[in-house]
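K.L.:
The primary structure of each chain is shown beneath.
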Amino acid sequence: MNTINWTPFILSFKLAAVTTVILFFIALPTAWWLSRTRTRLKPAAEAITSLPIVLPPSVLGFYILWGLSINSPIGSFFNDLFGVQLVFNFTGLVIASCLYSFPFMVQPLQSGFESLNENMIEAAYIAGKSPVQTLFKVALPNIKPSLMTALIVTFAHTVGEFGVVLMVGGSIPGETKVASVAIYELVETMDYSTAHIYSAVMVAISFIVLLGVYIFNRYQKRKFGAFR
Amino acid sequence: MIAIDIRKPLAGSMGEMTLQVSIEIEEHAFVAIAGESGSGKTTLLRTVAGLEKADGKITVGDEIWLDAKSSLPPQKRKIGFVFQDYALFENMTILQNLLFVENDKTLATHLLNLTSLEELAHRHPATLSGGQKQRAALCRALMKRPKLLLMDEPLSALDPAMRTRLQFDILRLHKEFGTTSLMVSHDPSEIYRLADRVVVLDHGKIIQDGTPAEVLLKTAGSQKFSFKGELLDILKRDVIHIAVVAIGQQIVEVVLDEAEANTLSIGDIVTVSTKAFAPTISKA
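Chains as they are written, first to last, in my numbering: chain A, 686 to 913; chain B, 45 to 328.
Derived by calculation from the structure, the hints in this document are not laboratory data.
Hints should not be assumed to be uniformly reliable.
Below are the BS3-like pairs computed for lysine-lysine, each with C-alpha atoms no more than 27 Å apart in a straight line [claimed, not checked]:
{"#": "1", "chain 1": "B", "residue 1": "Lys122", "chain 2": "B", "residue 2": "Lys188"}
{"#": "2", "chain 1": "B", "residue 1": "Lys191", "chain 2": "A", "residue 2": "Lys814"}
{"#": "3", "chain 1": "B", "residue 1": "Lys191", "chain 2": "A", "residue 2": "Lys822"}
{"#": "4", "chain 1": "A", "residue 1": "Lys822", "chain 2": "B", "residue 2": "Lys97"}
The following label-pair restraints were derived from C-beta to C-beta distances [unchecked claim]:
{"#": "5", "chain 1": "A", "residue 1": "Glu799", "chain 2": "B", "residue 2": "Thr255", "range": "41 to 49 Å"}
{"#": "6", "chain 1": "B", "residue 1": "His166", "chain 2": "A", "residue 2": "Pro816", "range": "23 to 31 Å"}
{"#": "7", "chain 1": "B", "residue 1": "His154", "chain 2": "A", "residue 2": "Phe901", "range": "33 to 41 Å"}
{"#": "8", "chain 1": "B", "residue 1": "Ala290", "chain 2": "A", "residue 2": "Phe901", "range": "53 to 61 Å"}
{"#": "9", "chain 1": "B", "residue 1": "Glu162", "chain 2": "A", "residue 2": "Leu895", "range": "38 to 46 Å"}
{"#": "10", "chain 1": "A", "residue 1": "Pro816", "chain 2": "B", "residue 2": "Arg209", "range": "30 to 38 Å"}
{"#": "11", "chain 1": "B", "residue 1": "Thr150", "chain 2": "A", "residue 2": "Asn774", "range": "54 to 62 Å"}
{"#": "12", "chain 1": "A", "residue 1": "Leu726", "chain 2": "B", "residue 2": "Gly174", "range": "34 to 42 Å"}
{"#": "13", "chain 1": "B", "residue 1": "Thr150", "chain 2": "A", "residue 2": "Ile711", "range": "41 to 49 Å"}
{"#": "14", "chain 1": "B", "residue 1": "Ala290", "chain 2": "A", "residue 2": "Pro816", "range": "44 to 52 Å"}
{"#": "15", "chain 1": "B", "residue 1": "His230", "chain 2": "A", "residue 2": "Ala729", "range": "36 to 44 Å"}
Glycine is no exception: its CB is placed at the ideal position from the N, C-alpha and C atoms.
Required output: the full structure, derived from the provided sequences and hints.
P.N.:
Pasting the structure below:
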């Protein structure tokens, strides 16, 4: 038990935390715009944001790997200007995770915004508030369960990521070897006892996180839900 | 003086039509907008608020809110708006709802006192009754001291006793704040009590415009009283016919002769009126 190396877990949670924070700021305006827009391009925009749910991780991983490598315009731009390589390191994992988990942040927020009483938003505009003020003072505080779902599901989904991470990050200990990849390697090398412990830890943590979300949402529904 | 002259194509429940309204409203007036559902009342109100786009011109005093070149956003129009479903900010207490509009605690307290809501100031909207919520929404609409108070069927979700109470509050606040008020309403007694002018819309056009007495009292010529009703049945008794008519919640019988009976059919909307006799009135 005391020989367990916790580094892959710490890396997984660090990756999930960074991804969740970055995605919140990218997905919030996206979800707000998607919920408000009347443009004919909305279905196309929604389809693009949902792509990562449908695509096999290998497809997504392949494109991200290609897109971030120094052979592509983006990769060479970062390499030439900042001397930063975007693949097979933690930065690359964060970029890949943000793309991979994007819909898990956007969709709960968007459906939360769409369920809001339209008149409440209009009342804020009539009160003289800008769309940005309305978003932060009225819309967001009234979709707390959706916000919580978005944050936790994004976090959990990033922790549970495997295929994309393996393709973009490889398995460099302390840099890109997250828990899911570590378990895969343990199974491959037939170290079943450690694989058991790692897997059990993942199951326990995931369960506790999800339990927390559902308890929070039940509490929120009791507070506001009955009147919706 | 508020001058509204707007055109807007509408895809209503009755098919395509054009909302085309041109009216001038005196300052401090209380105008009721009536008409069948789907006649464009709510759209008219929302256009004045800047929540809907339209062609034409809206001027309020010396300010231009809408013309061919520009449209002032709702944020910049000095309006208060009361929605049928209250639309209070659920995440804030009643007091916070008011202060969110304008951070003026004196005015907020004054308004809450006027509407007997002071004890509910720190409650959230979800814990209030419909009547309390609508009073809070009315207070919120007045926090900017609006030039124009717009109300979209504010009382139609409330029971009759609560309506009467709210009508009193609306009238008092309208007078105290010196606003010009525009209210969509279906209820003749409400219009009679509150408004000094009624505009009736039909298919997006104004078909009647006058005082509540002129528009709502449905008598013509020498008729003493007159009611609209639905013909439910025609009964034949010996040589006469009796029409059974539903007027509001009442059923009445009217004697017809053969010729009259032949021109009517069940389901017709009819007018029952009399001119020869003076009606008597007594306490029910």
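K.L.:
State for each hint whether it applies.
P.N.:
Checked hints:
no. : hint                              : in the structure
1   : Lys122/B <-> Lys188/B             : 7 Å, holds
2   : Lys191/B <-> Lys814/A             : 18 Å, holds
3   : Lys191/B <-> Lys822/A             : 25 Å, holds
4   : Lys822/A <-> Lys97/B              : 26 Å, holds
5   : Glu799/A <-> Thr255/B: 41 to 49 Å : 44 Å, holds
6   : His166/B <-> Pro816/A: 23 to 31 Å : 29 Å, holds
7   : His154/B <-> Phe901/A: 33 to 41 Å : 39 Å, holds
8   : Ala290/B <-> Phe901/A: 53 to 61 Å : 54 Å, holds
9   : Glu162/B <-> Leu895/A: 38 to 46 Å : 44 Å, holds
10  : Pro816/A <-> Arg209/B: 30 to 38 Å : 36 Å, holds
11  : Thr150/B <-> Asn774/A: 54 to 62 Å : 60 Å, holds
12  : Leu726/A <-> Gly174/B: 34 to 42 Å : 40 Å, holds
13  : Thr150/B <-> Ile711/A: 41 to 49 Å : 43 Å, holds
14  : Ala290/B <-> Pro816/A: 44 to 52 Å : 50 Å, holds
15  : His230/B <-> Ala729/A: 36 to 44 Å : 42 Å, holds
Every hint from the earlier list agrees with this structure, and none is contradicted.
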